[in-house]
Amino acid sequence: MAITVNVVSADEQIWSGEAEMLVARTTEGEIGILTGHTPLLAILAGGEVRVTQVGGRKLVVNAEDGFISVQNDTVTVVARAAELVS
Amino acid sequence: MGAQLRVYRSKIRSAQTTKKITRAMELISASRIQKAQQRVAASTPYARAVTQAVSAVASYSNVDHILTTEKENVERAAVVIFASDRGLAGAFSASVLKESEELATLLRSQGKDVVFYLVGRKAVGYFSFRKRDSARAWTGGTDQPVFTTAKEIGDELVAAFMRDASDGGVDEIHIVYNRFVSMVTQTPEVVRLLPLEVVEGVEAPGDTAALPLYEFEPDADAVLDALLPVYIESRIFNAMLQSAASEHAARQRAMKSASDNADTLIKTYTRLANNARQSEITQQISEIVGGADALALAK
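Protein chains in written order, with my numbering: chain A, 1 to 86; chain B, 1001 to 1299.
Quick caveat, the hints were computed from the structure, so don't treat them as lab data.
Just so you know, these numbers come straight off a predicted model, no measurement behind them.
Just so you know, even glycine gets a beta-carbon here, dropped at the ideal spot from N, CA and C.
Check each hint, because a few of them may be wrong.
[Said to hold, decoys possible] One side only, chain B facing chain A, incomplete, derived with CB under 8 Å:
1) VAL1040
2) SER1043
3) PRO1045
4) TYR1046
5) ALA1049
6) VAL1050
7) ALA1053
8) LEU1213
9) PHE1216
10) PRO1218
11) ASP1221
12) ALA1222
13) LEU1227
14) LEU1228
15) PRO1229
Whole structure, please, built from the sequences with the hints as guidance.
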């Protein structure tokens, strides 16, 4: 089982694909999302969003000023400014 | 030169000058569509993601927030009209204005007051000519929208939405804009921004299914408060970009048919001018021949 991840910034879709885990920092602290997570809507505190893709490859995105939404194993990271770091 | 011929010549010249202008405008619009289309495509995922997230919360959770709950009696509705700054774009502004007229009639028949927010000089002109009121108008830059304008419109709308209806606020926000479907089709579209309408991709929960508990961080109010302006701005900006792309496409089409019309005009008038020239020559010849005949007879 995998989660579907969408990373979107104000002017483009940054990354989209299947992942095993996603770690982001919300205003309350770091949060890790695996498959089967309860629906969630959180404000991002900015900084790195780390995605572990299916197969173990890692992906890091810098996301500023946005939020994260989880629903039905679909994670959407929406940020006004975001960029792919690696 | 005969008077008739001179009239035709000047008509041909004027059609040629007009054609030069319309042709230039056609080319300018054609080159700008591409860019405008790219901007629409680029901003769409963001708008869709925001809208989906918001409407998921609205349809799945039972959080009480103005963003997600409909008021029982709606007193006043805001209608935002996205027209263009300049004409010469066919039915572009007219179709949006017609659509919003219909929407206003519908809203009034439901017993709601309608407040208009106008974007684009053509909409402002339409309203001032009919001596109608609008709450606010933004002009300039409809063909190349910038995010700051979207933010300004969004701030104004959110402020109006937060106010009580008795205080001059609004309970509903509708937007009317031209959606860019393809180079040849742009359809005027009415969207209710607030309260939220459930969008595609989010299924409405069944009656029996228990609502999944949404988790909010830091808490529901804070998240939804932060989300509201983002949602409004992104939808408005997307509408502005769509409208800009549609405007260019509409103008390109209008200018193309204007150039084609100028071509047919030039052709028709050239034929007529040739005709006039020929009949003038024929007349001159017959006058000379007639004159020579008369001289020969007089001898």
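Here is how each hint holds up against the structure:
no., hint, verdict
1, VAL1040, "violated, 11 Å"
2, SER1043, "holds, 6 Å"
3, PRO1045, "holds, 4 Å"
4, TYR1046, "holds, 5 Å"
5, ALA1049, "holds, 5 Å"
6, VAL1050, "holds, 6 Å"
7, ALA1053, "holds, 4 Å"
8, LEU1213, "holds, 6 Å"
9, PHE1216, "holds, 6 Å"
10, PRO1218, "holds, 5 Å"
11, ASP1221, "violated, 12 Å"
12, ALA1222, "holds, 7 Å"
13, LEU1227, "holds, 7 Å"
14, LEU1228, "violated, 12 Å"
15, PRO1229, "violated, 11 Å"
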